[in-house]
Amino acid sequence: MKLIDAIEGQEYVIQDIETDDEELDAFLFSLGCYSGETITVVSHIKSGCVVSIKDARYTIDNQLADAIVI
Amino acid sequence: MRIALTGNPNSGKTTMYNALTGSNEKVGNWAGVTVSKKEQKIKNAYCNNQELIAVDLPGAYSMSPFTSEESITSTYVKKENPDVIINIVDATNLSRSLFFTTQLLELGIPMVVALNKSDINSKKETTINVAELSKQLGCPVIETISTSKQGLNELIQAATKQSTQKQTAPFHQKEIDLTNKNEVENADRERFSFVNDIVKKVEHRKIQTKDKNINDKIDAILTNKWLGIPIFAVVMYLVFEISQVWIGTPIADWLVAYLEMFQAWVGDLLANANPLLSALLVDGIIGGVIAVIGFLPLVMVMYFLIALLEDCGYMSRVAVVLDPIFKKVGLSGKSVIPFVISIGCAVPGIMASRTIRNERERRATAMLAPFMPCGAKIPVISLFAGAFFNNAGWVSTLMYFTGIVLIFLGALLINKITGYKARKSFFIIELPDYKIPSLWQAFKSMCNRGWAYIVKAATIILLCNTAVQIMQTFTWSFTVAETADASILATIATPFSYLLFPIVGVLSWQLAAAAVTGFIAKENVVGTLAVCFVGLENLIDTEELVLMQGAGQEVAGIIAITKIAALAYLMFNLYTPPCFAAIGAMRSEMKSSKWVWGGIGLQFGVGYTVAYFVYTIGTLFTAPETLNTVGALVGLFIVAIFVITISVLIKNANKKVKEEYALTSK
Ligand SMILES: Nc1nc2c(ncn2[C@@H]2O[C@H](COP(=O)(O)OP(=O)(O)OP(=O)(O)O)[C@@H](O)[C@H]2O)c(=O)[nH]1
Ligand SMILES: [Mg+2]
Chain Z
-11 MKLIDAIEGQ
-1 EYVIQDIETD
9 DEELDAFLFS
19 LGCYSGETIT
29 VVSHIKSGCV
39 VSIKDARYTI
49 DNQLADAIVI
Chain S
1331 MRIALTGNPN
1341 SGKTTMYNAL
1351 TGSNEKVGNW
1361 AGVTVSKKEQ
1371 KIKNAYCNNQ
1381 ELIAVDLPGA
1391 YSMSPFTSEE
1401 SITSTYVKKE
1411 NPDVIINIVD
1421 ATNLSRSLFF
1431 TTQLLELGIP
1441 MVVALNKSDI
1451 NSKKETTINV
1461 AELSKQLGCP
1471 VIETISTSKQ
1481 GLNELIQAAT
1491 KQSTQKQTAP
1501 FHQKEIDLTN
1511 KNEVENADRE
1521 RFSFVNDIVK
1531 KVEHRKIQTK
1541 DKNINDKIDA
1551 ILTNKWLGIP
1561 IFAVVMYLVF
1571 EISQVWIGTP
1581 IADWLVAYLE
1591 MFQAWVGDLL
1601 ANANPLLSAL
1611 LVDGIIGGVI
1621 AVIGFLPLVM
1631 VMYFLIALLE
1641 DCGYMSRVAV
1651 VLDPIFKKVG
1661 LSGKSVIPFV
1671 ISIGCAVPGI
1681 MASRTIRNER
1691 ERRATAMLAP
1701 FMPCGAKIPV
1711 ISLFAGAFFN
1721 NAGWVSTLMY
1731 FTGIVLIFLG
1741 ALLINKITGY
1751 KARKSFFIIE
1761 LPDYKIPSLW
1771 QAFKSMCNRG
1781 WAYIVKAATI
1791 ILLCNTAVQI
1801 MQTFTWSFTV
1811 AETADASILA
1821 TIATPFSYLL
1831 FPIVGVLSWQ
1841 LAAAAVTGFI
1851 AKENVVGTLA
1861 VCFVGLENLI
1871 DTEELVLMQG
1881 AGQEVAGIIA
1891 ITKIAALAYL
1901 MFNLYTPPCF
1911 AAIGAMRSEM
1921 KSSKWVWGGI
1931 GLQFGVGYTV
1941 AYFVYTIGTL
1951 FTAPETLNTV
1961 GALVGLFIVA
1971 IFVITISVLI
1981 KNANKKVKEE
1991 YALTSK
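Sequences listed follow chains Z and S, in order. Per the working numbering: the first sequence = residues -11 to 58. Per the working numbering: the second sequence = residues 1331 to 1996.
Read the hints as simulated data drawn from the structure, not as lab findings. Quick caveat: nothing in here was measured; it's all calculated off a predicted structure. Think of the CB as a built atom: it goes at the ideal place given N, C-alpha and C, for glycine as much as any other residue. A few of these clues could be false.
In silico lysine-lysine, DSBU-like type, Cα no more than 30 Å apart, as pairs [to be verified]:
| hint | chain 1 | residue 1 | chain 2 | residue 2 |
| --- | --- | --- | --- | --- |
| 1 | S | K1657 | S | K1924 |
| 2 | Z | K34 | S | K1368 |
| 3 | Z | K34 | S | K1658 |
| 4 | S | K1540 | Z | K34 |
| 5 | S | K1453 | Z | K(-10) |
| 6 | S | K1453 | S | K1356 |
| 7 | Z | K34 | S | K1657 |
| 8 | S | K1657 | S | K1368 |
Partner residues aside, some chain S positions facing chain Z, computed with beta carbon under 10 Å [as the list claims (entries may be wrong)]:
| hint | residue |
| --- | --- |
| 9 | Q1380 |
| 10 | K1536 |
| 11 | K1540 |
| 12 | V1659 |
| 13 | G1663 |
| 14 | N1720 |
| 15 | N1721 |
| 16 | I1759 |
| 17 | F1863 |
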């Protein structure tokens, strides 16, 4: 399933990042967002969601949330 | 010896740099504040008179750069061989930071890790076994708190000691083909699992980051679907209201009284001197400069408030709140930070666009940021609000609001001209923890920028005023002009006044001269008007041109244009190209002369068009009989040229897009 459908507060394991933008992929990687790592949706907001990756918080938009398979 | 400060964004590098060197570089609680390299000697207190240079660098998450400011960092450590690296690690986020740390260790440059923000860890009861971490990494690890300068002595001592050692790396990337994506990814995975193992060994957390905390509760309100934008509007409104009305203006009134006393005193001293000289000195030079300095309190209070906003962590939330709106016009939330910074000054605002990855978005942001009225435009706004509108607050509000609208419209135009197709763009922004902003930090930032404002007034503005005063005193044959209309200045400025005629309804070389000097620096508009209009400088508290009680009407009388014209002229000055400094910054960020000229053209066109319509339509409504038909037609012609140019560009872009599609469908 996609990150958009994740339940708030539950920890998921990332299966895949669906993007053909290699630089973005590498960037997400350096944040610790890559298949095999865990990710938690802290809350869903209108334009995307707030996620916790490693020990930091990020806001990502719906398009990106749609590319993260968990 | 050079010590490079590196680390993840927002880990506190610049705070540490400022503490070590005593400089005053910009600090802010969001990722991507520093966008260029800074070097400075470390204070003697830390280095016992050794020659140590600290180098502050933009934050980076890894050695492979994502945005252009990150590449500054990786290039620097790879190519410039600093003697020691201090890697500033955000102790609250060890698991992410050490990825970059292990990459840096592989460079073989002696390194010391500063475990910064350790105060937050104590508060959250997270413990890190420093000795073990140091052993695992193979380099000294020192706990620091940059905000209170704790641990900096030990840190510098360790760095000096380390500089003679050879650095070995705890993790070596295998020999791989760096062009092969899979191999690189596998190597990085290994690196991360190495890091994860270390973190497991040394870190003990009581509070898990993924759990909801107080920050999330605040976020729920500040980035709320309905409340987010109204809250931002109120915050910005308060910034303007407090700086330009509540606190700034009373202080300015007080300051102006003193400045005028000074001016009068100099006037008395020169009472017996050559009248020409005393006019030049007292009215021209001093009058013009204090005209500008009088606005200093307004500008400084605003800088103070903006510094508070930047330090509390709200900026990245603003980016989140406005991202959906900006996406609609082809920009993203990342553009918001440059726009907000531009309220202070467009130059750092334009530079902040470096953190935007998409090239088109970045250039568009740099081009549009100057539409935001900056600190230097406040004197201009206040002068006109005072002289023509009884200091009405709505004038200022309207100017900022129009600036924002122009940014949106400009973004749409740029999209059309560049043939932008809605493409997938991803938005991700780090949300740092909120913190109580440091008043001392904001105070320092305010003084720093206030000082820069004074220096500017005492140099560029002073020079321009002197030049203007001399040019309007003499004729081309260097005799004293009988009336200013025969002066050098009048002959130079008159051609421009024809262009301005459709906007102000009168042929006034003074207004034209002020607009032209405004391109050098916007405060010049005020200075030049003060110098040019005979007697004006006696009426207004020049500075602040907060006109003395009742003087407003007289000033309006001297400038001799209608209220509508005043509004139009004000808008022309605000929305046409900003000062030379901002154009220079645009050039260095856009790296394309086509875009720079396009940007200047767009700003001219938009500024002129807005001013023309405000004047023409406004006059048609209020006093149609005063509208000069010839002027209106000339203006319409100029606007038409602009519109036609834009339409041709858009058409070309559409054609190109169509061709591209045609090719791909074949
Ligand atoms: N509690 C605490 N806050 C700190 C410490 N050091 C820095 N900060 C805060 O962290 C924020 C970021 O500081 P900066 O110095 O701008 O960070 P930077 O690493 O230069 O960030 P970039 O330039 O964006 O890469 C500011 O709000 C600082 O006040 C510290 O030791 N403890
Ligand atoms: Mg910095």
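Now the hints, each set against the structure:
{"no.": "1", "hint": "K1657(S) / K1924(S)", "result": "holds, 24 Å"}
{"no.": "2", "hint": "K34(Z) / K1368(S)", "result": "violated, 39 Å"}
{"no.": "3", "hint": "K34(Z) / K1658(S)", "result": "holds, 15 Å"}
{"no.": "4", "hint": "K1540(S) / K34(Z)", "result": "holds, 20 Å"}
{"no.": "5", "hint": "K1453(S) / K(-10)(Z)", "result": "violated, 35 Å"}
{"no.": "6", "hint": "K1453(S) / K1356(S)", "result": "holds, 26 Å"}
{"no.": "7", "hint": "K34(Z) / K1657(S)", "result": "holds, 14 Å"}
{"no.": "8", "hint": "K1657(S) / K1368(S)", "result": "violated, 33 Å"}
{"no.": "9", "hint": "Q1380", "result": "violated, 35 Å"}
{"no.": "10", "hint": "K1536", "result": "violated, 13 Å"}
{"no.": "11", "hint": "K1540", "result": "holds, 4 Å"}
{"no.": "12", "hint": "V1659", "result": "violated, 15 Å"}
{"no.": "13", "hint": "G1663", "result": "holds, 8 Å"}
{"no.": "14", "hint": "N1720", "result": "violated, 42 Å"}
{"no.": "15", "hint": "N1721", "result": "violated, 40 Å"}
{"no.": "16", "hint": "I1759", "result": "holds, 5 Å"}
{"no.": "17", "hint": "F1863", "result": "violated, 51 Å"}
Violated hints, in rising order: 2, 5, 8, 9, 10, 12, 14, 15 and 17; the structure is consistent with all others.
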